[in-house]
Structure formats: C-alpha cells, structure tokens
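Undergrad: Here is what each chain is made of, one letter per residue.
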Amino acid sequence: GQQLNQSPQSMFIQEGEDVSMNCTSSSIFNTWLWYKQDPGEGPVLLIALYKAGELTSNGRLTAQFGITRKDSFLNISASIPSDVGIYFCNTDKLIFGTGTRLQVFP
Amino acid sequence: DSGVTQTPKHLITATGQRVTLRCSPRSGDLSVYWYQQSLDQGLQFLIQYYNGEERAKGNILERFSAQQFPDLHSELNLSSLELGDSALYFCASSVAPRDSPLHFGNGTRLTVT
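Protein chains in written order, with my numbering: chain A, 321 to 426; chain B, 324 to 436.
Since the hints were derived computationally from the structure, they do not count as laboratory data.
Incorrect hints may appear among the rest.
[To be verified] Simulated DEER-style distance windows between Cβ atoms:
| id | chain 1 | residue 1 | chain 2 | residue 2 | range |
| --- | --- | --- | --- | --- | --- |
| 1 | A | 332 | B | 332 | 27 to 33 Å |
| 2 | A | 359 | B | 339 | 43 to 49 Å |
| 3 | A | 329 | B | 333 | 36 to 42 Å |
[Unchecked claim] Covered stretches of chain A, going by a simulated chain B footprint (3 or more residues, C-beta under 8 Å):
| id | stretch |
| --- | --- |
| 4 | 348 to 362 |
| 5 | 413 to 424 |
From the three backbone atoms N, C-alpha and C, an ideal C-beta is built for every residue, glycine too.
Assemble the whole structure, with the sequences as input and the hints as a guide.
TA: As structure tokens, this is what we get:
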C-alpha cells in the first residue's frame, strides 16, 4: 500500500536551533499537510499545501510541496520549548507519515 | 479547541469485552475518520464516513465496526478485545472528503487488561 516515509524519526536539539524534516513517497499526491501532536492531545494542523512547488509559512514554520509531488519539507526556525511534540505529514487524509519526535533542550 | 468531541476520555476493560467509542464532529463537518495510535506509533487509519455512508476503509479488524448516524455523530465498536487493542483512538472530522484539513478530537485511551 501507499506509504509516507518521514525522517528523521526523532530530533534532539537546543533551543534556538533550526529544524528540518521531510516526508517522501513513491506515489504522487495533490495535497500535503503537516500536523503537530502535543503529548496527550490530538494532532493539530500546522500548514496545508495544495500545489506542487508551493512554499507556505506559518510564523516560524515553513513548508514546501515538492515539485515532483512525491515529497514535502517542514522547517522550524529558532526553535523554542513549546515546539516539543510529534510532527506528522499527511496526504489525502488517510495516510500519515511515521512522525518526527522533536525534543528541545533549553 | 478543535470542536471535535470524543467520549469517554479513558476506558479500562478486560480481554474479551466489547466497548463503544463515541465522536461528535465539528459543527458543519460531514466527514468523520477514525484512527488508532499505539504506544509510540504513528496514526493508523481505520475507517471514514461521509454523511452517513462508509467512504473508505483502512486496516480495520473484523472485530471492529463503526457507523455514522443521521445527526453525523459516529461510534466505533470494538469487540472481543485483546491486549494488543490497547491504544489511543482518535476521531477526526472535515468539511469534505477531499482537500480540506482534519480536525482531531483529543482521543479515547483504551486499556485492555
């Protein structure tokens, strides 16, 4: 079946550092979305991308829809402690990436 | 607050039992999705409903079933429970089946002992 390969699996960074994560697939998609899950809560939408090549920002977060439509990238600049959580990529709602677990140390 | 309500928040039950998880979607959303998240795992899609009709099915076990009622709330039934069914079960809703983001509830944590 379709799979989304998300990397890295986990990141341990210092406050203030930038973060990059990505999601790749062997299939083409029309939509890429990024969600964040805080401990004990449901995922929350961060950024939605609907067009190949699209680059969209939401505060310190920037995401890009890959030109091939098979991948997407999420960058977080100047990380802060509240960025801690699990970040998931998603396409067409049904398939989620395996998640990137982010830990931020002061 | 996503507007999606899931009850109960926690459920502890024994192997072999049956439970029902309930989800009220965000006002105006016609599509409901169910996901399972085991410890330190990703979100596994179970089943989707749109306006009362089953729309898509993931790797949902035969022991599990779901439905969406005319008032658009949904229930996920889990029967003959096994230890491995212990997980967080999330419901999400969206306005339309495609090209609209998901709004998640805070999940039901099921523990099977």
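Undergrad: Now tell me, hint by hint, if it's right for this structure.
TA: Taking the hints in turn, this is what the structure says about them:
| no. | hint | in the structure |
| --- | --- | --- |
| 1 | A:332 <-> B:332: 27 to 33 Å | holds, 30 Å |
| 2 | A:359 <-> B:339: 43 to 49 Å | violated, 31 Å |
| 3 | A:329 <-> B:333: 36 to 42 Å | violated, 28 Å |
| 4 | 348 to 362 | holds (count 7) |
| 5 | 413 to 424 | holds (count 7) |
Going down the numbered hints, you'll see the structure goes against 2, 3, while the others check out.
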